[in-house]
Amino acid sequence: TAYNIARQLDDAFPSGTVIRETSLAVRDDYTSLAWLAGQLAYRDLRRPAEAVRLYRAYGEAARSAQTRTKGFYWAGRAALAAGDSGTANAHFGDAAQHYDQFYGQLALERLNRPQPKPAPNPTIQVSSDERRDFEDDRLVRAARALGEIGAWREQSLFLRALAQKATSPADHVLAGKLASQIGRPDLGVMIGRSAQANSLDAVEVSGFPTVRVPAGHESNWTFIHAITRQESQFDRQAISHAGARGMMQLMPGTAREVAGKLGMSYDAGSLTTDTNYNMMLGSTYFQQMLRYFGGSYPLAVAAYNAGPGNVNKWLRANGDPRNGGIEMIDWIEAIPIFETKNYVQRVLENAVVYDTLRDGSGSRQQAPLSFYLGKRTPG
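Sequence positions in the sequence shown follow the numbering used here and run 243 to 621.
Some clues are possibly wrong.
[As the list claims (entries may be wrong)] DSS-like cross-link-like pairs, simulated, lysine-lysine; straight-line CA separation at most 30 Å:
1. K359 <-> K419
2. K583 <-> K359
3. K359 <-> K617
4. K583 <-> K407
5. K555 <-> K583
6. K503 <-> K555
7. K583 <-> K617
8. K419 <-> K407
9. K407 <-> K359
10. K617 <-> K555
No lab work stands behind these hints, which were simulated from the structure alone.
Using the sequences and the hints, build the whole thing.
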């Protein structure tokens, strides 16, 4: 059976092989099989103790925080189902180390821990030699020069290259400061994600920029930021391959329709030059989706990305989490388009972090991600 094949995946490697250190192709194959076997053991065969091992193997084989936290969280869930709360809490604790991640945030709730705020200042010390080498870098010099002449789009090319080049802690700290100095919050987001990919623990506040939202849209502050961070990384001139434009990546047809409903004139050029205009239309469209789906944040976020028609199709195919037909976490995992599944998880995790930045003393909800998911119990 598929389960028997998948659960023996370690037999294909020499003893002592560290999967996390193998090639991307090997890691992808391994994690796909480990996840399949874990799901079969946990959900179909009702063998939660066996699922713990498989979910854990899935998480430990990965390098990305997204995959590691997912594996550790589900290992915790399986351990609870097996009646082992001590082991469950250990797995939840490993997932909770990444508090900017969807499953890390759920693990925090399982442990009854508050959602931390991003670190306000880098704790990494940068030497004068590291600072000089960074400023002498040709990418940094070019980025500063292009900013001085207002060449935003050309500057973006150098900023992306700079973010891809950053590997050391000092690189990330200095690039984060550069983002603030030159007014490019999108570089801050790219550097924050690079730090995550390079297993740097600190989640710095520069990776979560904040902007002034349009008047009358203050109540949507959190999701304007959460969506913008995922859509454009706060690059006001971003244009996707599909033609979505600006901060909140609006398709021209959608923007025209929303502008008409608001009684505003439609100006395609303003989508990439006027951040207030773009955010007003994007915020309004998200609120329309939220009302359409009865206040369900995950469904509204999915619709913002893939359209309400697709969301309705998935509700019919996989059940409706709003009426108990399926757990919301499982519904999100069942989204057949990976881009949309990933998008929903990333926007919701962004929202949880942004809640901590909006409020002076932390998140408004005791279990913020479960609140957005519509879950009655934390985690």
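For each hint, the structure was consulted:
{"no.": "1", "hint": "K359 <-> K419", "result": "holds (19 Å)"}
{"no.": "2", "hint": "K583 <-> K359", "result": "holds (25 Å)"}
{"no.": "3", "hint": "K359 <-> K617", "result": "holds (22 Å)"}
{"no.": "4", "hint": "K583 <-> K407", "result": "holds (28 Å)"}
{"no.": "5", "hint": "K555 <-> K583", "result": "holds (14 Å)"}
{"no.": "6", "hint": "K503 <-> K555", "result": "holds (26 Å)"}
{"no.": "7", "hint": "K583 <-> K617", "result": "holds (18 Å)"}
{"no.": "8", "hint": "K419 <-> K407", "result": "holds (16 Å)"}
{"no.": "9", "hint": "K407 <-> K359", "result": "holds (27 Å)"}
{"no.": "10", "hint": "K617 <-> K555", "result": "holds (22 Å)"}
In terms of the numbered hints stated before, the structure departs from none.
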